[in-house]
Structures are given as structure tokens and as C-alpha cells.
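Number of protein chains: 2
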Amino acid sequence: MSRIRLHVDHPLAQGQSLPLTEAQAHYLFGVMRLGPGDDILVFNGREGEFLARVTRAAKRGGELELAEKTRPLQIPPDVWLLFAPIKKARTDFIVEKATELGAARICPVQTDFTNAERIRQDRLQAHAVEAAEQCGGTFVPEVEELRPLSRWLSGWDAGRRILWADESLVGAAAALSGAEPGPWAILIGPEGGFSPAERDRLRALPFVLPVSLGPRILRADTAAVAALTLWQAALGDWG
Amino acid sequence: MSRIRLHVDHPLAQGQSLPLTEAQAHYLFGVMRLGPGDDILVFNGREGEFLARVTRAAKRGGELELAEKTRPLQIPPDVWLLFAPIKKARTDFIVEKATELGAARICPVQTDFTNAERIRQDRLQAHAVEAAEQCGGTFVPEVEELRPLSRWLSGWDAGRRILWADESLVGAAAALSGAEPGPWAILIGPEGGFSPAERDRLRALPFVLPVSLGPRILRADTAAVAALTLWQAALGDWG
Numbered sequence: 001m002s003r004i005r006l007h008v009d010h011p012l013a014q015g016q017s018l019p020l021t022e023a024q025a026h027y028l029f030g031v032m033r034l035g036p037g038d039d040i041l042v043f044n045g046r047e048g049e050f051l052a053r054v055t056r057a058a059k060r061g062g063e064l065e066l067a068e069k070t071r072p073l074q075i076p077p078d079v080w081l082l083f084a085p086i087k088k089a090r091t092d093f094i095v096e097k098a099t100e101l102g103a104a105r106i107c108p109v110q111t112d113f114t115n116a117e118r119i120r121q122d123r124l125q126a127h128a129v130e131a132a133e134q135c136g137g138t139f140v141p142e143v144e145e146l147r148p149l150s151r152w153l154s155g156w157d158a159g160r161r162i163l164w165a166d167e168s169l170v171g172a173a174a175a176l177s178g179a180e181p182g183p184w185a186i187l188i189g190p191e192g193g194f195s196p197a198e199r200d201r202l203r204a205l206p207f208v209l210p211v212s213l214g215p216r217i218l219r220a221d222t223a224a225v226a227a228l229t230l231w232q233a234a235l236g237d238w239g
Numbered sequence: 001m002s003r004i005r006l007h008v009d010h011p012l013a014q015g016q017s018l019p020l021t022e023a024q025a026h027y028l029f030g031v032m033r034l035g036p037g038d039d040i041l042v043f044n045g046r047e048g049e050f051l052a053r054v055t056r057a058a059k060r061g062g063e064l065e066l067a068e069k070t071r072p073l074q075i076p077p078d079v080w081l082l083f084a085p086i087k088k089a090r091t092d093f094i095v096e097k098a099t100e101l102g103a104a105r106i107c108p109v110q111t112d113f114t115n116a117e118r119i120r121q122d123r124l125q126a127h128a129v130e131a132a133e134q135c136g137g138t139f140v141p142e143v144e145e146l147r148p149l150s151r152w153l154s155g156w157d158a159g160r161r162i163l164w165a166d167e168s169l170v171g172a173a174a175a176l177s178g179a180e181p182g183p184w185a186i187l188i189g190p191e192g193g194f195s196p197a198e199r200d201r202l203r204a205l206p207f208v209l210p211v212s213l214g215p216r217i218l219r220a221d222t223a224a225v226a227a228l229t230l231w232q233a234a235l236g237d238w239g
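If you read the sequences in order, they're chains A and B.
All residue numbers for the first sequence refer to the UniProt record's numbering, where the first residue is 1 and numbers rise by one.
All residue numbers for the second sequence refer to the UniProt record's numbering, where the first residue is 1 and numbers rise by one.
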């Protein structure tokens with residue numbers, strides 16, 4: 001059995017004690033049936049992962065004592081995922097997968113053909129935390145608020161290239177094999193694709209690399225996973 | 001708006017008429033509100049895709065008349081997905097994604113650490129059909145019945161190599177870049193990984209290529225999508 005991993009907000013250092021919130025106590029002692037003397041792993045997204053022992057277990061709280069650091073903070077490569085939110089379950093899924101695949105920042109964007117008017121940023125951020133707990137990551141990507149694509153592009157730093165999953169003739173792997181590492185973003189459209197105006201604007205931007213993801217039409221969630229995979233394999237930390 | 005695509009079991013040829021089942025009639029006329037004169041696309045996984053016009057619409061049936069062939073049958077590259085079924089929603093998801101990503105055959109395998117005792121093959125096959133309808137594919141991969149991994153391996157044709165997602169030191173993309181095309185399979189384990197006995201057996205097989213999918217632990221469904229993506233980009237039809 002692998003140890004329970006818990007994300008906490010508290011600063012972490014060996015020998016310190018860490019108070020548990022009511023929700024954490026409920027999960028550890030109510031759901032997972034742990035008690036004093038049991039060990040778990042904790043991380044806060046900033047200082048790596050620590051072994052922690054339960055020193056007090058109550059119904060509405062408790063305390064851990066931090067032992068040694070078990071893993072350093074591993075910041076993923078500098079790739080953001082920009083995606084147009086779709087149905088709830090698939091949006092949750094994209095956030096989970098992007099965290100597992102090591103996206104550094106998750107940016108829901110509103111496009112001309114996006115149906116979503118708003119997202120629950122707090123719920124999506126909680127999904128990213130859960131995914132990090134599960135996948136052994138020590139980093140949790142920030143989930144941004146929903147913003148229009150046009151606003152993202154207006155303030156865009158031209159030093160960050162954009163891998164744009166489009167109906168391009170160039171395969172993503174081929175395009176990435178000749179590309180330089182550095183800051184990148186991946187842009188995935190909604191199920192209906194991008195509007196003509198959006199496509200014109202994206203095509204005109206020198207830092208945008210349009211690529212194809214194969215001959216079949218991929219759902220937005222599949223496209224997000226596929227593009228992140230190819231990016232990590234070519235320029236990221238999958239070497 | 002893109003046209004409705006419907007998978008049918010009937011043989012297809014221009015000029016022929018095609019009777020609709022009660023479920024198809026309910027979907028087209030009840031749910032999608034089509035009527036006589038409306039056009040849809042049909043495919044049967046064997047003869048490509050045809051334009052079809054509704055000629056009769058009733059509550060429990062109806063008829064289409066087949067017009068011209070709109071796409072030839074496109075058989076995906078010869079790659080199978082072997083995976084250990086997990087929770088229902090994630091198993092459904094793997095079947096959907098494998099179809100979109102162009103797996104030729106989907107094989108649920110029982111491993112030492114698989115919880116699933118049985119699967120609903122008919123339900124999973126229906127998911128593959130739905131995914132093919134959605135992704136514009138003209139081919140539907142066969143979903144096999146659940147069989148033990150040991151049984152798959154005993155009768156294995158050594159000409160079909162297996163890309164095995166394992167804790168290998170070799171990245172999948174690097175391993176595939178030097179590999180030959182031809183018949184392949186991708187093997188994804190359950191959340192708990194493979195047992196020591198399974199790993200010994202797999203390591204000893206000359207046609208098995210163990211690879212890593214990056215430094216984070218991927219869920220089985222993420223691993224299936226990532227491995228299929230890298231395979232298609234390196235040896236499949238994503239060129």
C-alpha cells in the first residue's frame with residue numbers, strides 16, 4: 001500500500017507541528033481510519049514533500065509532526081495549458097490530466113464558440129490539488145479564472161510560444177522536434193473549433209505554432225492530453 | 001453545424017435503402033427532430049461513409065436512402081490497446097479515447113492487481129461506436145472480452161511488439177523513435193502496477209519494449225492516452 005499524500009497550506013519544515021483542518025481530520029481519521037502514530041506524506045506545493053506522523057486525532061481537528069523531507073519540490077517545465085471549458089465532467093478531467101502531465105499553469109479561456117460563461121475556479125483548483133496528491137507531484141498548477149482568449153492574446157509575452165492544435169498540415173511531433181525549449185503554452189479549442197476571426201488572429205501571430213493532432217477529430221479533452229504528452233516528450237521532462 | 005453521423009450494421013451502397021431500428025428512429029426523429037428530406041451521414045465500419053436522406057420517419061422505425069459515398073473506409077494503423085479495466089467511468093473513458101486515437105483493437109486484460117472480475121463488453125463496444133460517430137472515424141475497433149494477461153501472452157504472435165508502460169528508464173518517445181513500424185500493442189497496467197511475477201515474465205519476452213511515461217505517476221487512463229499518442233506520432237498515422 002502506498003502512503004496517503006495530503007496537500008496542506010501550511011509551511012513545512014522538519015520537527016515542526018502542523019495543525020489539521022476539520023476537513024483534513026475528517027478525511028484522515030474518519031474516512032481513512034488513521035490514528036496517532038500513523039505516518040502520511042504531506043506537501044504544500046512550495047517546499048517539497050515531508051513524512052508526517054499523526055500526534056493528535058480528534059473529530060474536528062488534529063496535529064501532525066513533520067519528520068524528514070522525502071522529496072524536493074519538483075517544478076514542472078514551463079508549459080501552460082489554455083483550453084476552452086466544456087461540459088463539467090470533461091473540464092474536471094482536463095484539469096486532472098493537465099496536473100498529472102505536468103502543466104505549470106492551467107488557463108480556462110473563453111472563445112467565440114465556448115458555451116461556458118463562468119467556471120468554478122475554486123472547484124477546479126481543488127481538482128488540481130487532488131490530482132497532485134494522487135500522482136505523486138510536489139507542485140500544484142494554478143488554475144486561473146476564465147478569461148476571454150482575446151484578452152490573453154493582447155497581453156501575451158511573445159517569448160512564450162503557443163502550440164495551437166488546429167487543422168494544420170504539420171503534425172505536432174514533427175513541429176516540436178525542431179522547436180526550441182523555453183516557455184510554451186498549449187492552446188486547445190472548444191468542440192466546435194475556433195471562429196474564423198480567432199483563426200485569422202492566431203495565424204498572424206509569429207509566436208503561434210499551428211499543428212495537427214492526427215487524421216481523426218479529437219474531443220477537446222483528448223486533444224489536451226495528446227498535445228501535453230507530445231510537448232513533454234519533445235521539450236519537457238519526459239526525456 | 002456538422003451533420004449527424006450514425007453507425008449502422010447494414011451493408012452500404014449508393015441508391016440502396018436502409019431500414020432504421022426503433023432506437024435509431026427514436027434518436028433521429030425523437031431526440032434530434034429530423035424528418036423526411038433531412039440528410040445525415042452513415043457508416044458501418046466496413047464500407048466507408050455515405051450521405052443518406054430520410055425518406056420515411058415513424059415513431060418506431062423509418063428509412064434512409066443512400067446517396068454518394070462521402071469517405072472511404074480508413075482502417076487505423078495496426079496497434080492494439082491492452083489495458084486493465086478500472087473504475088467504470090475511467091474504463092468507458094479509455095475505450096472512448098482509444099477509438100478517437102485510432103486503436104485497431106481494444107483488449108481488456110485481467111492482471112494480478114486488477115479488481116475487475118468482469119466487464120460489460122456490449123456496453124464498452126457501444127462506447128466505441130459512439131466515439132467513432134463523434135470523431136468522424138469510419139472504423140470501429142473491436143472491444144474484446146476480458147481475458148487474463150497470462151492467456152494473452154501465451155498465445156502471443158512474436159511479430160507483434162508490445163509497448164509496455166512500466167517504470168523503465170527509457171522514455172517512450174525515444175524508444176519509439178528507433179522502432180520499426182508494423183503490428184504493435186500497447187500494454188497499460190492497473191493503478192497498482194504489475195505484480196513481480198508479471199513483470200518478470202514481461203521483461204523476459206523479446207518482443208516487449210518497456211518504456212517510461214515521464215517522472216510523474218499517471219493514472220491508467222492518462223497513460224493509455226499518452227502511450228497511444230506517442231505511438232501514433234512515431235509509427236502511426238499522425239505523420
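You may find that some hints are simply not true.
Claimed, not checked - Within a straight-line C-alpha distance of at most 20 Å, the following computed PhoX-like cross-link-like pairs (lysine-lysine) qualify:
hint : chain 1 : residue 1 : chain 2 : residue 2
1    : B       : K87       : A       : K88
2    : A       : K87       : B       : K59
3    : B       : K88       : A       : K88
Said to hold, decoys possible - Ranges of calculated distance between the beta carbons of each label pair, as one might list FRET restraints:
hint : chain 1 : residue 1 : chain 2 : residue 2 : range
4    : B       : A174      : A       : A197      : 54 to 62 Å
5    : B       : R118      : A       : E117      : 23 to 31 Å
6    : B       : A204      : A       : S150      : 39 to 47 Å
7    : A       : A174      : B       : P215      : 41 to 49 Å
8    : A       : E130      : B       : R118      : 42 to 50 Å
Worth flagging that the hints you see were computed from the coordinates, not collected in a lab.
Just so it is clear, the structure is predicted and the values come from calculations on it, not from any experiment.
Each residue gets a CB set at the ideal place from its N, CA and C atoms; glycine is no exception.
Hint check:
{"no.": "1", "hint": "K87/B - K88/A", "in the structure": "holds, 19 Å"}
{"no.": "2", "hint": "K87/A - K59/B", "in the structure": "violated, 30 Å"}
{"no.": "3", "hint": "K88/B - K88/A", "in the structure": "holds, 18 Å"}
{"no.": "4", "hint": "A174/B - A197/A: 54 to 62 Å", "in the structure": "violated, 40 Å"}
{"no.": "5", "hint": "R118/B - E117/A: 23 to 31 Å", "in the structure": "violated, 42 Å"}
{"no.": "6", "hint": "A204/B - S150/A: 39 to 47 Å", "in the structure": "violated, 57 Å"}
{"no.": "7", "hint": "A174/A - P215/B: 41 to 49 Å", "in the structure": "violated, 25 Å"}
{"no.": "8", "hint": "E130/A - R118/B: 42 to 50 Å", "in the structure": "violated, 29 Å"}
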